[in-house]
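Residue numbers (our numbering), protein chains in the order written: chain A, 1088 to 1787; chain B, -12 to 143.
Just so you know, these hints were derived from the structure itself, not from any lab. On a predicted model such as this, the values are computed, not experimentally measured, just so you know. For every residue, glycine included, the Cβ atom is placed at its ideal position computed from N, Cα and C. Please note that a few of the clues may not be correct.
Said to hold, decoys possible - Have a look at the derived ranges for each label pair, beta carbon to beta carbon:
1) Thr1108/A - Ala81/B: 20 to 26 Å
2) Glu1457/A - Ala127/B: 56 to 62 Å
3) Thr1108/A - Ala127/B: 36 to 42 Å
4) Asp119/B - Thr1108/A: 30 to 36 Å
5) Gly54/B - Glu1106/A: 45 to 51 Å
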Amino acid sequence: MKVPVVCPYCGVGCRLYIEQTPSGYRLDYADDVPGIPNENGSLCPKGNAVLDLLSKDRLRKPLKAKEEGKFVEVSWGEAIKEVAERLREIARDDPNGLMFFGSAKTYNEPNYLVQKLARMLGTNNIDHCARLCHSSTVAGLKAVFGAGAMTNTYRDIERADVIMIWGHNYAETHPVGFRYVIKAKERGARVIVVDPRYTRTAWFSDIFLQLYPGTDIALANGLMHVIIKHGLHDKEFVERRTVGFQELKKTVEKYTPERVEEITGVPAELIEEAAVTFAKAENAVVTWAMGLTQSVHGYDNVRAVATLIAITGHIGKPGNGASPMRGQNNVQGACDLGVLPNVFPGYQAVTDEEKRMFFEEFWGTELSGEVGLTTVEATHEALKGRLKAYYIVGENPVISEANSKNAVKALRRLEFLVVQDIFPTETTRLADIVLPATSMLENEGSLTNTERRVQWSFKAIEPPGEARPDWWIVSEVGKALGFTGSGPKGFNYRSAEDVLREINACTPQYRGITPERLKANLAGIHWPCPSEDHPGTPLLYTERFLTPDGKAHLAAVEHRPPAETPDDEYPLILTTTRYVGHFHTLTMTGRSELLRKRWREPFLEVHPGDARRFGLEDNGWALIETRRGRYAARVKVTKAVKPGVVAIPWHWGANVLTNDVLDPVSKIPDTKACACRVKPVGEVEARRILEELRAEGVVA
Amino acid sequence: MSGILIDPGKCIACRACEVACEREHGRSFITVFEFESSAVPLNCRHCEKAPCIEACPTGALFRDKDGAVMVDVKKCIGCEVCLLACPFGIPEIAGKVMVKCDLCPERRAEGKLPLCVQTCPTGALSYVEPNDFSAGRRKAYAERLALRRSENAPGL
Ligand code: SF4
Ligand code: SF4
Ligand code: SF4
Chain A
1088 MKVPVVCPYC GVGCRLYIEQ TPSGYRLDYA DDVPGIPNEN GSLCPKGNAV LDLLSKDRLR
1148 KPLKAKEEGK FVEVSWGEAI KEVAERLREI ARDDPNGLMF FGSAKTYNEP NYLVQKLARM
1208 LGTNNIDHCA RLCHSSTVAG LKAVFGAGAM TNTYRDIERA DVIMIWGHNY AETHPVGFRY
1268 VIKAKERGAR VIVVDPRYTR TAWFSDIFLQ LYPGTDIALA NGLMHVIIKH GLHDKEFVER
1328 RTVGFQELKK TVEKYTPERV EEITGVPAEL IEEAAVTFAK AENAVVTWAM GLTQSVHGYD
1388 NVRAVATLIA ITGHIGKPGN GASPMRGQNN VQGACDLGVL PNVFPGYQAV TDEEKRMFFE
1448 EFWGTELSGE VGLTTVEATH EALKGRLKAY YIVGENPVIS EANSKNAVKA LRRLEFLVVQ
1508 DIFPTETTRL ADIVLPATSM LENEGSLTNT ERRVQWSFKA IEPPGEARPD WWIVSEVGKA
1568 LGFTGSGPKG FNYRSAEDVL REINACTPQY RGITPERLKA NLAGIHWPCP SEDHPGTPLL
1628 YTERFLTPDG KAHLAAVEHR PPAETPDDEY PLILTTTRYV GHFHTLTMTG RSELLRKRWR
1688 EPFLEVHPGD ARRFGLEDNG WALIETRRGR YAARVKVTKA VKPGVVAIPW HWGANVLTND
1748 VLDPVSKIPD TKACACRVKP VGEVEARRIL EELRAEGVVA
Chain B
-12 MSGILIDPGK CIACRACEVA CEREHGRSFI TVFEFESSAV PLNCRHCEKA PCIEACPTGA
48 LFRDKDGAVM VDVKKCIGCE VCLLACPFGI PEIAGKVMVK CDLCPERRAE GKLPLCVQTC
108 PTGALSYVEP NDFSAGRRKA YAERLALRRS ENAPGL
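Given the sequences, and given the hints that come with them, work out the whole structure.
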């Protein structure tokens, strides 16, 4: 029997089948399901290597640490009891001594349960990795349009005449989604790519705007300057559906293409051409990702781009819209279900008295109305000794946090660390208790992809050893903590379906997305879906925006430099990237031989001029230093980066270098631009440095 | 007969085709070459007038009923003549015999696409009759020309 599952990797949400055969499991393509996001069942290399998740070193039994990194096996009963006791003790003194980390890599149901657990314990200290990738998108889009999600679907990208891809190596991060760009291009659509690097995505550009990292606002303002100067904005739309145009006009007036060229390094003529092309398009879509969001002014970056979309009227109709691309299969779902310190499920603010009263009644307990900690803030609090315990589900912050050495220090200071995961990671090493979870294929539940499409993934494989589904583990902890009330008032669940039904009852956007409907419809349902007979909503904002007055709030924002700019000591700008064959901190893809042999190590990309200037040789080794740490990598001399900019994939642990200064609103760190210096080193020395970092547990 | 047509203009060097082929065959019979601003995937062309078949001294190379160029390992003596004859450098010696792309016979038998084609996220690979492909291209090109005029035509 072929079991339909959803790929555990990027946010496209591809379907595939897993089939059990006499000799093991086989993967098959879902080429017979109409309407799924991966048309014809195609898959990228990660999707193709999905069965390597069954690798031998999976966690099989609950573990308890004797000392750091040394564990003994314990029973589930013992592990759950210990977790519950320690959490209860700390909560008794001060619930805000606890921090919970949900996961964009697990289903909606366990995510719902983790935030419910945190909140029932009396704290809103709950967050997940979207903080590090798209929190600025969520906050920025909410400010301009009223909600923080993709406004359209992949199909709308296919229908566009102009596609602007901003700070997003789409072809590499979401290869299956990129299919829709290529299809649009075949129809004659024009592609504008904004990126500091000449990426594979840029191969497909008609206009390529190669800006310096961290200068996005200046560029967006420059484009709007040209559009307004030529009167190419959608006057009717601006008049009827937006507010703030006069102020915007005044702000962008100063951003002449010539001035913007100076700031961004993009030639003035190209700025003109891109602006006119975008504004004149009948239908246009903007997609973006970490290049735009991971910045100390990520929130303003997103507001500037959203404003550009709004003044050209490229939103609220087919073939148009704003498409932030999520990097993990359930970032959207984790956000939707309130794995954030400021909102309950369905983006209902914890500070809103009425919403809080609803949840107090629903869960039958008193709740905190105080906004909780974000992940990076939690790190800082732990360093100060104010945070006592951390419960991490399926994340590896030791590699994923900016300035990761600091993150390790923080985790070490905790009194109690629980990590629930499928493999031993750099983070489980520091844990007091490790709980073995099941992989996506060994478990079932609902997931929400980038385009707000909720799909059900079925259980295809028996889990190894005593590994248990995430929803089961969290509900056992909940019960052991004494939350044994009936229905939503406790944690008595028999299945993931039970949990989804509870989600239906308290999350307006998901009200009609029942387990029965999802199981019967493999292509899924787009939220908002307010009732069981509602077909779902692929396209948002056709009539009004979700802001209180229903209008888009245009943002007039000024350019500011990144938190760190090059100087004599650190003369280059460092930016981070990814490889198509790897996923995040290598926890999963790093174990696949098929992937590892093709993407075997990180390369530092250096412009030929800089290579000469700093004595680096192609394929030789470089030592890279920033104010926070050092790291070594092989050198790739390439014109893909501009002079003055170097780039490195972060999967292996390059976050020892990056800057953890935060955007004040979204609290996202400035991972995409920091000052660095480079010099050649011998291979032996380079490997020694990496070995040292590995021993410290900060690189993979 | 249908063959795999490669459109390097659509390839994003994701190497999904390689990973899929290797998963099923133990090694990949398609190779993706990446350059500064493009990528070219290459596998056996299953040529109509296949020089490898013509050069093989033992008759180890043959054509199956779909026209795919196949190796009969029992007859192959590992002499490497096919390596020299193939203009694309496709045949490789693994152990003592030649190996190459077999166009996924089990899948063809079930009426499915070869794996690399099925998985390619961008449609850079397609499994088609060459004449159908060119007919499709002709039509698409004509449509785009026609569209240009209708953009300016009033009231259409
Ligand atoms: S091996 Fe070379 S010559 Fe033989 S059919 Fe394939 S491409 Fe043609
Ligand atoms: S047709 Fe089959 S054997 Fe040939 S390259 Fe593609 S996947 Fe490999
Ligand atoms: S799967 Fe397609 S796009 Fe990816 S490398 Fe192969 S041919 Fe190119």
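Outcome of the hint check:
Distance hint for threonine 1108/A and alanine 81/B: a CB-CB separation of about 25 Å, consistent with the stated range 20 to 26 Å. Judged by the Cβ atoms, the range 56 to 62 Å given for glutamate 1457/A and alanine 127/B holds: they are separated by roughly 59 Å. Threonine 1108/A and alanine 127/B have their C-beta atoms about 40 Å apart, which keeps the hinted 36 to 42 Å range intact. Judged by the Cβ atoms, the range 30 to 36 Å given for aspartate 119/B and threonine 1108/A holds: they are separated by roughly 34 Å.
The beta-carbon spacing between glycine 54/B and glutamate 1106/A, approximately 29 Å, falls outside the hinted interval of 45 to 51 Å.
Of the hints listed earlier, the one the structure fails to meet is number 5.
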